[in-house]
Amino acid sequence: MKIIADANIPFIHEYFGAYGDLVLERGRAITHSDVKDADILLVRSITRVDKELLADTSVKFVGSVTAGADHLDTQWLDSAGIAWSVATGFNAPPVADYVVSVIAAMQAKKMLPPDKINAAVIGVGNVGRLVVERLKLFNGEITLCDPVRAQKEKEFTFTPLDELSDLDLVTLHVPLHHSGEHPTAHFIDKKFLQRQKRGCVLLNASRGSVINSSDLMQYGSHLHWCLDVWEHEPKINKMILEQAVIATPHIAGYSVQSKIRGIDMIYRIACEKKIIQPQPRPPLVIPEQQLAFTGGAHAWQDIVLGVFNPLVITAMMRTILLPATDYGHLFDDMRNQFNYRHEFAYTSISDMNIPLVAPELLAKVG
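In this note's numbering, the protein residues as written are 1 to 366.
These are calculated hints, taken from the structure and not from any lab test. Be a bit skeptical, because a hint or two may be false.
As the list claims (entries may be wrong) - Derived DEER-like restraints, expressed as beta-carbon distance ranges:
1. 26 / 289: 45 to 51 Å
2. 34 / 113: 47 to 53 Å
3. 34 / 268: 22 to 28 Å
Because the structure is a prediction, the values reported are computed rather than measured. Every residue, glycine too, gets a C-beta built ideally from N, C-alpha and C.
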């Protein structure tokens, strides 16, 4: 059996190394000739998998360590009889943690109210559901926008996109669809941006192309941009990078724990589909981290930002990317090398002196 895999998929050897010839390639550089005689293809979101890549190959299964499938031509894969799967929901906990970290950072910069944050969650699937649970901790009104769920669930309370306004925070967690009944490509456009109040925080942790970048620059300057995903990655718009309050290299869903969770899900699906047979192997232990906060009293924001601070990553992004001419590979390098963040649920805090409200909030966060 021959397996072609993106070299930056963590734990690929531990899960698939025993199944024959495992060949690792750069995700953006995988070609038809690479996969012509392969049985399995394992990718991330940066590899476009379609007829051009897989026609007349021996590939029987495509596994993508991603939550979405917009980089897969699933209709063609189905018609070609090629099994495929994504790791649905594997990144929900770190994305929800990321949203809390952004809120902490924006409150520290006095760009969000200290309490009662009125927020809209656009896209309330696996990730959005968990984000909603986190936002309930901030005692504000939460508006849900998800027409797909509204069609399927009679009890789902739904606010249409064109009615969203007067918000402190808008956070995006939608798949990227260019067509269909509910397309999301460029659905955050001039009309949406102009309708939002000055100082509203626009947070995108879904796909870069759901925001019309040209409209954002022309009509969204009154908003605070917090962007983890970018149109035209990895050649992102430097003007947007300069103007964003928070800018991170598509790592909202990255954590030590999610990287194990994602490859484990793809492995189990491949076994269930009988693409491979389960092999006995030592279980991977999901690690935890211990942090200590000493000294004076700490606000809950201090604790959260001590676990992960998006403002630090923002400074790194600007320092590394803005002076460079050929910066696409630098964006990818930052993303690939981001392997040290732990989820809140796997972080223990000791020796801390914080206000009484903070322990309860931190416990509920994770």
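#### Entry: Hint numbers not upheld by this structure, sorted from lowest to highest
1
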